[in-house]
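A.B. asks: Sequential numbering of the sequence shown, starting at 1, is according to our numbering.
Simulated from the structure, these hints should not be mistaken for lab results. All values derive from a computational prediction rather than experimental measurement. Hints are supplied without guarantee of correctness; some may be wrong.
[Claimed, not checked] Ranges between beta-carbon positions, derived for each pair: (1) T212 to Q262: 48 to 58 Å; (2) I291 to L265: 23 to 33 Å; (3) V177 to N273: 23 to 33 Å.
Even for Gly, the Cβ is constructed at its ideal location relative to N, Cα and C.
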Amino acid sequence: MTAYIIRRLLLIVPTLFGIMLVSFAVVQFAPGGPIERIISQLSGADNSATSRISGSASGDFGNRGQLGGGQSDPTTSKYRGSQGLDPELIKQLERQFGFDKPAYQRFFIMLWNFIRFDFGKSFFRDIQVLDLVKQKLPVSISLGIWLTLLSYLISIPLGIRKAMHGGEPFDVWTSGVIIIGYALPGFLVAILFIVLFAGGSFFNWFPLRGLTSDYWQQLDWFHKILDYLWHLVLPVTAMALGAFATLTLLTRNSFLDEIRKQYVLTARAKGCNNRQVLYGHVFRNAMLIVIAGFPGAFIHAFFSGSLLIEYIFSLDGLGLLSFESVLNRDYAVVFATLYIFSLLGIVVNLISDLTYMFVDPRIDFETRNV
Numbered sequence: 001m002t003a004y005i006i007r008r009l010l011l012i013v014p015t016l017f018g019i020m021l022v023s024f025a026v027v028q029f030a031p032g033g034p035i036e037r038i039i040s041q042l043s044g045a046d047n048s049a050t051s052r053i054s055g056s057a058s059g060d061f062g063n064r065g066q067l068g069g070g071q072s073d074p075t076t077s078k079y080r081g082s083q084g085l086d087p088e089l090i091k092q093l094e095r096q097f098g099f100d101k102p103a104y105q106r107f108f109i110m111l112w113n114f115i116r117f118d119f120g121k122s123f124f125r126d127i128q129v130l131d132l133v134k135q136k137l138p139v140s141i142s143l144g145i146w147l148t149l150l151s152y153l154i155s156i157p158l159g160i161r162k163a164m165h166g167g168e169p170f171d172v173w174t175s176g177v178i179i180i181g182y183a184l185p186g187f188l189v190a191i192l193f194i195v196l197f198a199g200g201s202f203f204n205w206f207p208l209r210g211l212t213s214d215y216w217q218q219l220d221w222f223h224k225i226l227d228y229l230w231h232l233v234l235p236v237t238a239m240a241l242g243a244f245a246t247l248t249l250l251t252r253n254s255f256l257d258e259i260r261k262q263y264v265l266t267a268r269a270k271g272c273n274n275r276q277v278l279y280g281h282v283f284r285n286a287m288l289i290v291i292a293g294f295p296g297a298f299i300h301a302f303f304s305g306s307l308l309i310e311y312i313f314s315l316d317g318l319g320l321l322s323f324e325s326v327l328n329r330d331y332a333v334v335f336a337t338l339y340i341f342s343l344l345g346i347v348v349n350l351i352s353d354l355t356y357m358f359v360d361p362r363i364d365f366e367t368r369n370v
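Based on the sequences and whatever the hints tell you, model everything.
C.D. replies: The structure is reproduced here in structure tokens:
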């Protein structure tokens, strides 16, 4: 086991290197960039929906150069829209963002900083990237953890019950319900919830935005918890409808496959009742495939799955932060969040593999080749 863990830990280095190298190379060929964004702000041509985020950047650079202060040659300028700007201002922006260095040098400087967890400052926000991530973390943690707990606590017992009553009316109609829930897009369900329950057209039972109310600090601890959970009902439910289907059907099919095996018939022949067969023999084997899907489900719930929900319910989390950073070419935030979530995903996958051993002692990682 120790040798296997060491091999997996050593694989983290080339894996992260490959992820960051490919991502960095793709960004080099992507049109636009932070300097072009500053130029568009200085020339008044920035009409993007997220310009409010980086609006302060123009103030930071506006007093360093003047429109029409110099005549740059449009045939030699490598930045779109830089005609009429002082060339010294362009050079100053390049030094500010680090683009005065070759691409390979910038890449290795970034890697060295990331190894030390030094992610620098956001290009368009006057704050360290790590502090910015910490600010957004509570929203993503709340959505990810509650979604994972809710989906597993409901889907696993439901999947087991469906397997025990396979082909019966209960199995049929519950399958129809969860498949319909899976087919409905999460963002569409979220909008429907707002219309029905958040003051849209019918009821005003739940809040529309944020994780807590404006008067949250004035509440006692019990009502603070209630207020927090009250705000989470709609976004977590909208995200969970799709998660139920996958996990429930996965659990059902896994249990059905195990129930039909020979060792179950042997256990029944020895006089074991249904509960002993289910939880003493079948459960351990059937849960292996469910555990295998945990890392992907957790990462999806923690990050990518919450993007549209965060936007609809005005929840300022990591998903929305990463999306807006890509649109605004805030590369410091883009690469930092990519590095953090890639590292998190690799570690969670390792933890998942180690969990196999505790579920089924027959699995021996020492005999496997990574």
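A.B. asks: Quick check: does the Cβ-Cβ distance between T212 and Q262 fall within 48 to 58 Å?
C.D. replies: For Q262 against T212, whose Cβ atoms are near 55 Å apart, the range 48 to 58 Å holds.
A.B. asks: A range of 23 to 33 Å was offered for this pair. Does it hold for the Cβ distance of V177 and N273?
C.D. replies: At roughly 30 Å between Cβ atoms, N273 and V177 fall inside 23 to 33 Å, so the hint holds.
A.B. asks: Check the following: the C-beta atoms of I291 and L265 are separated by a distance inside 23 to 33 Å.
C.D. replies: This hint holds: roughly 25 Å between Cβ atoms.
Of the numbered hints listed earlier, not one is contradicted by the structure.
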